[in-house]
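Can you build the whole structure from these sequences, using the hints too?
Protein chains: 2
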Amino acid sequence: MLPELKLAPLRYVLAILDSGGFHAAAKQLHRSQPAISMAVRDLEERLGQPLFEKGGGKALLTPFGRWCEPRFRELVAHHDRVCRDALAIARQQRGRVDIAAVPSVASRLMPALLAGFLEAYPGIDISLQDGHSERVNEMVLKGEVELGITSLWLPDDTLRFDALLHDDIGVVCRDDHPLAQKDALHWRALKPYTLIRNGTSRLLEGSPAAELLAHSTLYISNMISLTAMLEAGIGVTTLPRLAFQEEHQRLRFIPLATPHLERRIGLLRRARQSLSPAADAMYGYLMAQLEGSHR
Amino acid sequence: MLPELKLAPLRYVLAILDSGGFHAAAKQLHRSQPAISMAVRDLEERLGQPLFEKGGGKALLTPFGRWCEPRFRELVAHHDRVCRDALAIARQQRGRVDIAAVPSVASRLMPALLAGFLEAYPGIDISLQDGHSERVNEMVLKGEVELGITSLWLPDDTLRFDALLHDDIGVVCRDDHPLAQKDALHWRALKPYTLIRNGTSRLLEGSPAAELLAHSTLYISNMISLTAMLEAGIGVTTLPRLAFQEEHQRLRFIPLATPHLERRIGLLRRARQSLSPAADAMYGYLMAQLEGSHR
DNA sequence: ATAAAATGATCAGTAAAACTTACCATAATA
DNA sequence: TATTATGGTAAGTTTTACTGATCATTTTAT
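Here the protein sequences line up with chains A and B, keeping their order.
Here the first sequence stands for residues 1 to 295, where the numbers follow the working numbering.
Here the second sequence stands for residues 1 to 295, where the numbers follow the working numbering.
Calculated from the structure, these hints are not laboratory results.
Among the clues, some could well be false.
As the list claims (entries may be wrong) - Sample of chain A residues lacking proximity to chain B, with all beta carbon distances greater than 10 Å (derived): (1) L75; (2) S107; (3) L118; (4) P122; (5) D130; (6) L141; (7) E144; (8) A180; (9) A189; (10) E205; (11) I224; (12) I234; (13) P277; (14) G284; (15) Q289.
To be verified - Among the chain B residues that face chain A by a calculated CB cut under 7 Å, a handful are: (16) G48; (17) Q49; (18) G55; (19) F64; (20) L75; (21) V76; (22) H78; (23) R272; (24) S274.
Virtual Cβ for every residue (Gly too), placed ideally from N, Cα, C.
Dropping the structure here:
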């Protein structure tokens, strides 16, 4: 029914018009002149009407050709636009990544990392949102973000986790607390004190130290509230080192030596789903930057 | 630099998405399945990114592929739109003709002709304007109209004239005028009477009757004014038969027998310029309708 | 007026592309 | 576990697009 107008002949026609003749167009397009003639003739046959006047020695458009010219230009321009945009995205010169990270990573690690990424990939837009690890997990799973930076939650065959760094668990208390002078702790050393649980406390689960959780009666999810509690000397808590905010001068972080606990922070992505070029750039960048640096 | 995205592979991709698989798309497109696979792979290589997920058995888009899909659809749709419109014009199902005609033809011949044309070519828009032959000539020459219907003015090698009909020159006078009873006239019979010249009077030039013009002191260009003058009995005039309005009951048309003068009415178009498909339809229609009918 | 140079068209042969048939590997289905 | 999907691969064929040589006209220059 509809003949297929290939783009090359359309370009030939436009080149003829722009350069003023078949020979000039041929040179411009690095083709032989008969190639141009034949392509134009084929195009005219498909359309059922000549585009160029046949008589004179010069290449002049017919009225039909004059009607066609602007549409051909638009169509070719449209093609080139789509082509250019697609390539820019494929080449990671443009695009967008949506990332989610646990708050500690988002606030402690990402600023420097994103600054470097923004410089390396100036055309890529980034959206970063934080959430606790469960929420990050869910966002990746639901496709709300392409990449998550989190501690591994539930190993899932629809998700893929690539470890980036290990983050030791420790105890945080005020500097005048009896524990504050220690260099390393055994979990039993915490038993006499009030333990404030927080969002990261479930990292203790499955270890001997889990016993502490059972005796804890205070749970604070918000990090700001938690540090306020600790600064008020109400109790102690456990935190991964990365989640410990060093700028609080009266708080101390003491590594938990026995059991040695750590969370594995890494990149989370859907397993059977490839990344967008922009996300792939981010993925590669993060892997390269954090490879070995904190392990 | 920019790779050329051929339209066929884009259609393949869309067909895969619409039909849900490579095999189904192949059947729908009347191609073999490997043809689809190879075209898609080639397209992916050109873009530098896969469009479909490789792992699973099903045809699922990558994020990059999801970005591409709507643009591919738009591009293909754009192509089809241009293609369809161009074909409609080429096939004379749509388009526009601008015509100019001398007033007599415009009012006496064109109504019936255009009615027929409108029926035969329902998609074609027509613009008809009238003007004296010199003006029609100029409009065709300047490209203001594609076709003129006029008596040949100056044979010009940039214009082409195709005769349609011969229009006899005669004398017009009131029914009580001495000449009104004659069947045919010799030019000298006019000498005693007041001759009113009009726009068609120069048709007498170059004939013996031209002598009459020298003695005429009244020139009326407007046909309504001219008939009013004739009805008032002020004088007589010469007119081609087609320009004589038979609905004026008190006016008579007497053919000029000696010299036998006629104007050749025909189609005027630019010589070295082909017609738009719509104008070509009009040209062919008019030639067919008037061929022989009035000659 | 004549020669020279330019225009686009034509034709045969060739290189490139797109496609088909046959077959393979893998994943979902019965 | 056999079956029937899926899509991928390879060799061979058809189709398309192109080149090089040549021609007919028209325009330009002498």
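(message) Going through the numbered hints above, which ones does this structure break? Give me the numbers in ascending order.
(response) 1, 13 and 21
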